[in-house]
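Taken in sequence, the protein lines are chains A and G.
In case it helps, our numbering puts the first sequence at residues -3 to 632.
In case it helps, our numbering puts the second sequence at residues 429 to 675.
These are calculated hints, taken from the structure and not from any lab test.
Hints are supplied without guarantee of correctness; some may be wrong.
[To be verified] To give a feel for the contact side, a few chain G residues facing chain A, derived at Cβ under 8 Å:
#1 D458
#2 E483
#3 Y484
#4 G500
#5 I552
Glycine residues also receive a C-beta, built at the ideal position from the N, C-alpha and C atoms.
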Amino acid sequence: MKLDSKVPEGRLEDKWRNYQVKSQLINPANKKKLSVIVVGTGLSGAGAAATLAELGYDVQCFCYQDSARRAHSVAAQGGINAAKNYQHDGDSVWRMFYDTLKGGDFRSREANTYRLAELSAPLIDHYVQQGVPFAREYGGTLVNRSFGGVQVQRTFYARGQTGQQLLLAAYSQLYKMIRAKKVKMFPRSEMMDLVVIDGKAKGIIVRDLVSGELKRFAADAVVLATGGYSRVFRLSTLAIGCNGSAIWKAHKRGAYFAAPSFTQIHPTALPQSSEAQSKLTLMSESLRNDGRIWVPKKKNDDRKPNAIPEEDRDYYLERRYPSFGNLAPRDIASRAAKERIDAGYGIGRLKNAVYLDFKHSIERFGLETIKDRYGNLFDMYKKITGIDAYTTPMMISPAAHFSMGGLWVDYELMTTVPGLYAIGECNFSDHGANRLGANSLLQASVDGYFVLPNTINNYLANALKEEHDDVNHPEFEEVENEVKASLDKILHVNGTKTVDHFHRELGKIMWQECAMSRNQSGLEEAIQKIKQLKDDFWNDVKVTGKSNGLNTELEKAYRLADFIELGILMCTDALEREESCGAHFREEYQTKEGEAVRVDDKYSYVAAWEYNSGNFQLHQESLVFEYVKPTVRSYK
Amino acid sequence: MRVTFKIWRQNGPNTIGQLKDYEVDGLTEDMSFLEALDHLNEQLVLQNEEAIAYEYDCREGICGQCGVFINGRAHGPHDNMTTCQLHMRSFKDGDTIVVEPWRSASFPIVKDLIVDRTAFDRIIESGAFISAKTGTAPEANAIPIPKSVADAAMDAAACIGCGACVATCKNASAALFTAAKINHLNKLPQGKAEQHQRAKDMTWQMEQEGFGSCTFTGACEVECPEGIFITNIAEMNARRVKAKWLG
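One chain only, chain A, in its complex shape:
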């Protein structure tokens, strides 16, 4: 299949308007005859479900958590970007577009990225209207701060709980539409597979996580808003329940998977302290506004951090990237930390961390100001580590955080399966090979509130004329039987090792070979190891309990089974891309100073993988840069 990005005609600034002018409309009386399934209730899912319901569609919405309010958007701390230029510092839609494209190392589509920047300003208006208590100046106007990879202040925030506040706004809008009986909500319900009839997405099979019952749901279109897949590394900043199963099942039913290896490692998480650890807690990137990152100049310097004088400290980001300093983009900051740690300068008990120091900011702005800006983050740090970061530098370390890759989507956010859409983190669209801080809440929200509700009509207008397939169609029965068989298979292995054991093993392989730096032999070996792990899993995993009832071990097991297969695809993708770009750093492609070397003449494309009974076939969507000339990304 030839990939058609469906980018509209016209100048970059006019594309979205041109698209809307030409897309098909549906009259309000007809919208209620059309049904849409939305899987996931984070910012993109809840935003989409609420907005589609406001427009008049019949919406069914699903989440695996006990309430829509738990979706992991809730955990985003730092903020949300918008090209408002409130700070009068030279910001504009164009500059935000350029920063995002450059931050992604020129591996995303110009038109999508531009639309993201264009819709950012109305999104802030929208959230203020919904009652988000963004930080304000004394005079009552909105405050901004800086984030990595940019030199203007365009990030809006609500203390260190921006994601929570935006999600609660989206959740309340969703419940407003539930009350209006326009959305049916199914919490504790997990999508197990996609039902495709005559080549079109027509429904899903859902497992009721309390009763264990498999249920069928039909609709005219299916929207996946299921978030990122970085739990493939096991240790990550994601929620424990985050998984890649919905998009993986969709992939196996025909949706191409784009750039799976583009996963972001966040530079400022709390370091791992033991093998039993389940989660790495993120400390917001906003801390890099006022915190300075350093390691001792001497190896194995055992002195307490405050006893190490200035001349013995290496502020390595400021040294290597003087113009961006501590606000270098995430991929660069993470790699620079890894470089110091690998060279033997890491600190902490396991020598796997670097310092993030607020001493200078506290001297400059006063303790109260720092408390006001980051109080809850410092409190969280103290709760977890027992250390007071106002007096002792924080210890931080890189951790898996975000997946830029995801299901391939066109300009309408539709996957290669007609009628199947992917929005938010689970798609590949705007971030290229590296996402800028505070662009994640933005993309999820813009996709859910503004883009999808204005593109899905272009497909549904035709669905109106077609027959509505119901859940008695034989395809539903067949897919349900496949799901049932695979659950039975897991329960019947009755081996000797726990699900967590296999997840730890997968995490080790992925972290070693497919995280911050990658090379050919390592990736080839990783693929073999994961294939072996897959065999071992299906022969030796032990899951107790039954499938007809609440069984958390079974949930973990089927999610892990998909992660294992996804791991193989991630390594395959990383192996294929013989260049370094953004978060994808191939050791073979670097300068003498250790900076990434991009190979535009060969790899200026989006790699979209087709699933073909256990094998993956590559399709390329060439990236055409009409308005911006890709340059060597420099933050020096």
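Mind docking chain G on chain A? Use the hints.
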């Protein structure tokens, strides 16, 4: 480190539950409390037993999904902290740790330590929103909101919906939860249009769900992971009275 867990096991809402003892060895002080339970579950699975059901998701104190009674206190021995942020260094080698689900008739047990908190969602559904459609917003800076107002709204809005306030209250009152949401929205200019209806509908729904009345013991604000003040409840009551007169 070695501890004895006494954990509530109950198969479903209509079955009888009981505390069961589990000896767990090989724990370390820097393990989180939930990681210690993970560790126990791995052992149970290997012994062919069914894993203990408990809830969590983000494990960084913000999603509000975790939450159990530990040694008689909601979220464990510390004030203002979620269960996921509790670490084993808060216990001693040899300790016995009693773990129970949230106790409230309005939070029926689903299984073991998991309870059903959808009553909270129904309170939200009854009025915790601003009735404005996507696409109708005016320019964000058009209505200035003084910093003090935005900050006070944020203080209330920080609620994570964990249910510790209900679980720890001798009346199983959801007043702090409901108050936090009403006050967040009613303080802001955007929430004013529906303020009276919201105060009436949400407090009515709170009572319909069977939560008890507030008698101002202050237990809730001690356990609230976001430290939401009990004064919010007084403010809610005032808003409710005002709504009855003016709404």
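Against the structure, the hints:
1. D458: holds, 5 Å
2. E483: holds, 7 Å
3. Y484: holds, 6 Å
4. G500: violated, 21 Å
5. I552: With Cβ-Cβ at 5 Å, under 8 Å, it holds.
Violation of the numbered hints given earlier is confined to hint 4; every other hint is satisfied by the structure.
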